Each structure stands twice: as C-alpha cells, then as structure tokens.
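Listed below, chain by chain, are the residues.
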Amino acid sequence: AQRVTQPEKLLSVFKGAPVELKCNYSYSGSPELFWYVQYSRQRLQLLLRHISRESIKGFTADLNKGETSFHLKKPFAQEEDSAMYYCALSGSGGSYIPTFGRGTSLIVHP
Amino acid sequence: GAGVSQSPRYKVAKRGQDVALRCDPISGHVSLFWYQQALGQGPEFLTYFQNEAQLDKSGLPSDRFFAERPEGSVSTLKIQRTQQEDSAVYLCASSLGGRGQSEQFFGPGTRLTVL
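These protein sequence lines map, in sequence, to chains S and E. With positions in the first sequence counted from 1, the corresponding number in the numbering used here is that position plus 247. With positions in the second sequence counted from 1, the corresponding number in the numbering used here is that position plus 1390.
Hints are computed from structural coordinates only; laboratory data are not their basis. In this text, all values refer to a predicted model and were calculated from it rather than measured experimentally. Errors might be hidden in some of the hints.
[What the hints assert, rightly or not] Among chain S residues calculated to face chain E with C-beta under 8 Å, some are:
1. 254
2. 257
3. 261
4. 262
5. 264
6. 286
7. 291
8. 292
9. 294
10. 313
11. 349
[Stated by the list, open to error] Covered stretches of chain E (chain S as the covering partner; in silico rule of three or more C-beta atoms under 8 Å from a C-beta of chain S):
12. 1423-1437
13. 1440-1454
[Said to hold, decoys possible] Among chain E residues calculated to face chain S with C-beta under 7 Å, some are:
14. 1400
15. 1478
16. 1493
All C-beta atoms, glycine included, are put in the ideal place defined by N, C-alpha and C.
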C-alpha cells in the first residue's frame, strides 16, 4: 500500500530563515511525487512535481529514493509563503490513486 | 477560463437526509477525482472517472456513497442517509490526462455538515 507521511503538523519560522517541510513516502514501484499548496481562502493548487525538476517561488524538492523522501526546501522564507502544504504521491503504471499526506501548516513570522 | 467549480459551497443536512454535491470540471479534462477531507487531514481519495467511466470507486466509504459522470463532464457525488461521520469537505479535481500523473486542478470544495 502507498503511504505519505508529513511528520510536522506545524512549522513556524521567521522571515528570511531557511525552510524544510518533510515528506516521506512508502511505495513499492516508481512514484510520481507532488507538492500542493493551499493559501488562506484559496483552493488547493500544484506547487511542483518531481519530474519537472523546477524551482517554483524559490521552492525546490528532490526525490531521494534511498531515504524515500521528497522534502520541500526554500533557503529564505517569505511571509507570503505562509500556507498549508501537502505532499502527494501517485504511482506509475497501474496504480494511479493519488495519496496525500495530512499537510504541514507553514507560518512565516515578520 | 473558468476553473473547477463546485456547488453548493456549504451544505447543512440533518442526519438521515440525502445530499447531492456537484462538480463542474475544466472543459476538456478527461480525469475527474473526488476526495473527502476531514478536519486536520489531507484529501482522501474517494473515486475516479476517466470521461464517463468510473474506473475506481475503492475509496467510497460505504454503499451510501454514489458518484456519476454520465456525459463525461459534470459529476455528482450523492450521499444517502447522511451520518455525522460524513461531515467533511468534499473536493473535486480534474486533470487533462488520464490517471493520476497529470497536474490536478481542484475546486473550492463543498463543506458538508451533518447535524
């Protein structure tokens, strides 16, 4: 069975500090991994996906198959980064049911 | 263009009442997903449509839950004889491609409260 774990329910940092939101997964095949973000009063939206290897809004995430992790990082947090972040996994091949983590609330203080 | 829309945005139902939740996906999107999101949790998969075909309904919690997408566009999630544990936000998402590997575009959700 596939599983996504986000160990931190809440992460609180000051503006300009580095941020790392943790995501660990369990999946027997080759996973497709995503980070979704939900800003206050907005809908859930895609932030980035591992296959595109992009940096969006200064965020990056590297898939580490050895550690089965896909942590989201940003070197200098901004107040506008405050939001709910969800890590999600979709299996390749036949298993496509998306599985989401419980989410991490990021608060960036001025 | 318009994104995914859902209606109603809020629904209060008395225990035992039937409810119907509507999702209008982005035009031309093949895939449509329904999720249930309880307070403090991430979205939990309920069911998946590829065009009008319901390819997976393994996440539906009981036979009181039923979903359809008869013409491959608008979808309705119906819950019969609602129970308090059905209280949650119900999210709909659509994507251009098949399966779950394309970017999903989410609707605003319907918050269901069962009294």
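Results of checking the hints against the structure:
1. 254: Since chain E brings no Cβ nearer than about 13 Å to residue 254 of chain S, farther than 8 Å, the hint is violated.
2. 257: violated (11 Å)
3. 261: violated (25 Å)
4. 262: Violated. Min distance 26 Å.
5. 264: violated (25 Å)
6. 286: Hint on residue 286 of chain S: violated, closest Cβ of chain E at ~12 Å, above 8 Å.
7. 291: With a closest approach of 4 Å, the residue 291 of chain S hint holds.
8. 292: Nearest chain E Cβ about 7 Å off; hint holds.
9. 294: Hint on residue 294 of chain S: violated, closest Cβ of chain E at ~10 Å, above 8 Å.
10. 313: violated (23 Å)
11. 349: This hint holds: residue 349 of chain S lies near chain E, its Cβ roughly 5 Å from the closest one there, short of 8 Å.
12. 1423-1437: It holds: at least three residues are needed, and the region 1423-1437 of chain E offers 8 whose Cβ sits within less than 8 Å of chain S.
13. 1440-1454: Holds, because 3 residues of the region 1440-1454 of chain E bring their Cβ atoms closer than 8 Å to Cβ atoms of chain S.
14. 1400: violated (14 Å)
15. 1478: violated (14 Å)
16. 1493: holds (5 Å)
Comparing the model with each numbered hint stated earlier shows that hints 1, 2, 3, 4, 5, 6, 9, 10, 14 and 15 do not hold.
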